[in-house]
Amino acid sequence: MTAQFTWEAMSFLSKYGMLLDQDRLEDWVELFEPQSEYKVYSRENEELGLPAPLMWCDNRAMLSDRIQSYRNVNEHNFHWARHIIGMPHILHAEPDSLHFQAGYSLFQTNLEGETRTFSVGRYDFICDRHSDELRLKRAWVIADTGLIKTLLAAPI
Amino acid sequence: MHIDWPRKDYSQVPFSVYHDPELYQLEMERVFRGDCWSYLAFEAEVPNPGDFRTTWVGDTPVVVSRSDDGQLHAFVNRCSHRGAQIVREVSGHCKTDHVCIYHRWCYSKKGELIGVPFRRGLQGQGGMPADFDMKAHHPRALRLANYHGVLFGTFSEAAEPIESYLGEFGTGMIKRFMHKPIKILGYTRQLIEGNWKLYAENLRDTYHASLLHEFFVTYGVDRATQKGGVRMDDRHRHNMNYAFSNSDTQSQAQQAYAGISGVELDRMRLSDQKILAYQHEFADGLNLATPTFFPNAIIIQINNSLSSRQIRPKGVNAHEIFQTLFGYEDDTEEMTRHRLISANLVGPAGLVSMEDGEAIEIVQKATRRETASHSLVEMGGLGPIQNLEHRVTETPIRGFWSYWSELMGVEPEGGIR
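For the protein sequence lines, the chains are Y and B, in the order given.
Position in the first sequence (from 1) plus 138 gives the number in the numbering used here.
Position in the second sequence (from 1) plus 1405 gives the number in the numbering used here.
Any given hint might turn out to be false.
What the hints assert, rightly or not - Okay, the calculated bits of chain Y under chain B, using three or more residues with CB under 8 Å as the criterion: (1) 182-188; (2) 191-197; (3) 253-267; (4) 274-281.
Just so you know, the hints here were simulated from the structure itself, not pulled from any lab data.
Keep in mind that this is a model prediction, so the values were computed, not measured.
Even for Gly, the Cβ is constructed at its ideal location relative to N, Cα and C.
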């Protein structure tokens, strides 16, 4: 069974990263349940036991607002994103939910081809299972890279 | 050092000030080690004896520490022996003494050198010279001032008392924010590839706020049409942009921003409005208050999000913005949650603040080879630097340059103060 869960989580993560890298953020939002949480916070705060987030959306509508704001309102540095996501580690599996973690690296490349390491950290995801499909109930992104270069506009 | 100011009222700023490495070295001496006070941290970050937190004054690493008698101390984080960092953690609690790992030289929580291993040698051999005096080798201490829970430090014996440095305006604003015990909610960090003074200017630039940060305008969090203004201390070194909540109408704002390319009031609607919710919590009715303290700090209220930001220069071409988010000890769980949701507005991912990083970096890039040219700081008028009852102005930027030039000894002849 573990192999199957791992495969499911891997497939999910590859889609998650691909949608972000292709700038399909509206499709990426559809990976979330309507009642779900997306939170990016630093490992520094986590280890200090302090709650301040970098981004925190406590439902999917709020996450859509973030994406709309990114598209229409906020200014940011032009770049392409590339997520490299490691093997998931299954923490807990139930027939209708899956809890797993995975390391990620996020590179940013500017429009003249210069690449920088933008963020590394880990995903801590709890997904609901709907027949064959996983949907995010709780997505925590714990960034080792607490020092944000320039700014953080698009989700990780 | 000489700066060729085009005007005596600092309404034109030579681009060399963001790029000259010699100037950077000089300002680390004359500004950050000069006769002014730098923001260090909050007292709430070191509540108990033994607690410590590392911070920066300019690019000098500093430790803030509370000793067993409850007193607060600030000292340079450098071992007197070979120059290694004494404290390597970012913050924490020290049970006994601070020990440099290199040769285990030992420092008290007050920042005094109190132990040197093998000082007398072994069996009559080796050791330090007999007249070596530990008291003559303490790490350099800063004068520390605790103003209502906000900690400031200075290297200067000549710096004026903190109350007079902050002035009526600064002391009033700190008392406003610190009117009851605060609770630290966490930190954010942003690395901006630009000279630190571009950020100091940005904090004094009320003109950009509602233009660059379109989110402000779109949702009426902060618009130039609101009742508000800018205030400075008598020496124009500290400043504040302020606005009263709900003091303009949608149609006033629509009229004012009509035709400004890139800013649209009705561009989008939020499906979840709670990010904009504001619960009145200060007697003065302000929903936006941003007292900025020369040279390195701001305490910032945007609705119910409260934080300080410290500018940490990282060489002539970069700086870090270290933000400390806080609430109050007596906040309900619900209020803390609301502050954390409001935190989406501020910081490196803040819906109304993220753009500063990009704006500063594109100035740094584009001015590198144009150091003989200058910027224009003319919005809001020329000549005297004074408080204004409106916010279409850059006047406080001129105040910054005036005081900076005084400390640096680079004022033009007849430069205004």
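Do the hints match the structure? See the list:
{"no.": "1", "hint": "182-188", "result": "holds (count 4)"}
{"no.": "2", "hint": "191-197", "result": "holds (count 7)"}
{"no.": "3", "hint": "253-267", "result": "violated (count 0)"}
{"no.": "4", "hint": "274-281", "result": "violated (count 0)"}
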